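Colleague: Sequence:
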Amino acid sequence: MIMMLNQVCYKEKLRLLKEEQIELQARVVVTEEQLETAEDYLKQAESQREECQDKYKQVSHELGQKCRVQRSFCTRRTAATTLDAGDE
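Numbered per my numbering, the sequence shown spans residues -7 to 80.
FYI, nobody ran anything at the bench for these hints, they're computed from the structure.
Watch out, some of these pointers could steer you wrong.
Derived SDA-like pairs: lysine to any residue, alpha-carbon spacing no greater than 25 Å straight-line [as the list claims (entries may be wrong)]: (1) K35 <-> V22; (2) K3 <-> I14; (3) K10 <-> T29; (4) K47 <-> K58; (5) K5 <-> L16.
These numbers come from a predicted model, not from an experiment.
Please work from the sequences and hints to get the whole structure.
Modeller: Here you go:
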(Lines of atoms letter the chains of each structure in order from A and count residues from 1; the text may use other names and numbers.)
(Lines give C-alpha, C1' and ligand atoms only; values in the text may rest on other atoms or scores of the structure.)
Protein backbone atom coordinates (compact mmCIF):
# COMPACT_ATOMS: atom_id res chain seq x y z
CA MET A 1 0.00 0.00 0.00
CA ILE A 2 2.78 2.44 0.96
CA MET A 3 4.72 1.48 -2.12
CA MET A 4 1.69 2.18 -4.30
CA LEU A 5 1.15 5.52 -2.60
CA ASN A 6 4.81 6.41 -3.15
CA GLN A 7 4.49 5.50 -6.80
CA VAL A 8 1.40 7.74 -7.18
CA CYS A 9 3.25 10.61 -5.46
CA TYR A 10 6.27 10.03 -7.67
CA LYS A 11 4.13 10.09 -10.83
CA GLU A 12 2.39 13.28 -9.68
CA LYS A 13 5.72 14.96 -8.94
CA LEU A 14 7.00 13.89 -12.33
CA ARG A 15 3.91 15.31 -14.03
CA LEU A 16 4.32 18.63 -12.19
CA LEU A 17 7.99 18.78 -13.08
CA LYS A 18 7.17 18.20 -16.74
CA GLU A 19 4.59 20.99 -16.65
CA GLU A 20 7.13 23.29 -15.02
CA GLN A 21 9.72 22.34 -17.63
CA ILE A 22 7.29 23.18 -20.44
CA GLU A 23 6.52 26.51 -18.78
CA LEU A 24 10.22 27.32 -18.40
CA GLN A 25 10.92 26.38 -22.01
CA ALA A 26 8.15 28.76 -23.11
CA ARG A 27 9.75 31.52 -21.04
CA VAL A 28 13.11 30.83 -22.66
CA VAL A 29 11.56 31.19 -26.11
CA VAL A 30 9.94 34.50 -25.13
CA THR A 31 13.21 35.74 -23.62
CA GLU A 32 15.14 34.79 -26.76
CA GLU A 33 12.61 36.67 -28.90
CA GLN A 34 12.92 39.70 -26.62
CA LEU A 35 16.69 39.49 -26.91
CA GLU A 36 16.50 39.38 -30.70
CA THR A 37 14.16 42.39 -30.67
CA ALA A 38 16.51 44.28 -28.37
CA GLU A 39 19.46 43.45 -30.61
CA ASP A 40 17.51 44.73 -33.63
CA TYR A 41 16.74 48.00 -31.79
CA LEU A 42 20.40 48.31 -30.88
CA LYS A 43 21.48 47.84 -34.50
CA GLN A 44 18.95 50.47 -35.62
CA ALA A 45 20.15 52.91 -32.96
CA GLU A 46 23.79 52.39 -33.96
CA SER A 47 22.91 52.96 -37.61
CA GLN A 48 21.01 56.15 -36.75
CA ARG A 49 23.92 57.35 -34.60
CA GLU A 50 26.31 56.84 -37.52
CA GLU A 51 23.94 58.71 -39.84
CA CYS A 52 23.71 61.58 -37.35
CA GLN A 53 27.49 61.73 -37.00
CA ASP A 54 27.89 61.82 -40.78
CA LYS A 55 25.28 64.57 -41.07
CA TYR A 56 26.94 66.54 -38.25
CA LYS A 57 30.32 66.32 -40.01
CA GLN A 58 28.76 67.44 -43.28
CA VAL A 59 26.93 70.40 -41.71
CA SER A 60 29.99 71.40 -39.67
CA HIS A 61 32.12 71.37 -42.81
CA GLU A 62 29.57 73.44 -44.75
CA LEU A 63 29.23 75.96 -41.91
CA GLY A 64 33.00 76.18 -41.59
CA GLN A 65 33.29 76.99 -45.28
CA LYS A 66 30.54 79.62 -45.08
CA CYS A 67 32.19 81.22 -42.07
CA ARG A 68 35.56 81.35 -43.84
CA VAL A 69 33.95 82.99 -46.89
CA GLN A 70 32.08 85.47 -44.68
CA ARG A 71 35.24 86.31 -42.69
CA SER A 72 37.16 86.80 -45.91
CA PHE A 73 34.44 89.08 -47.25
CA CYS A 74 34.33 91.10 -44.03
CA THR A 75 38.12 91.41 -43.93
CA ARG A 76 38.21 92.67 -47.52
CA ARG A 77 35.33 95.06 -46.89
CA THR A 78 36.99 96.43 -43.75
CA ALA A 79 40.23 96.87 -45.64
CA ALA A 80 38.41 98.61 -48.50
CA THR A 81 36.57 100.89 -46.07
CA THR A 82 39.84 101.76 -44.36
CA LEU A 83 41.43 102.55 -47.71
CA ASP A 84 38.42 104.67 -48.73
CA ALA A 85 38.62 106.56 -45.45
CA GLY A 86 42.29 107.20 -46.10
CA ASP A 87 41.48 108.76 -49.50
CA GLU A 88 39.30 111.41 -47.97
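Colleague: Confirm or reject each hint.
Modeller: Comparing the hints with the structure gives:
no.	hint	result
1	K35 <-> V22	20 Å, holds
2	K3 <-> I14	17 Å, holds
3	K10 <-> T29	29 Å, violated
4	K47 <-> K58	16 Å, holds
5	K5 <-> L16	16 Å, holds
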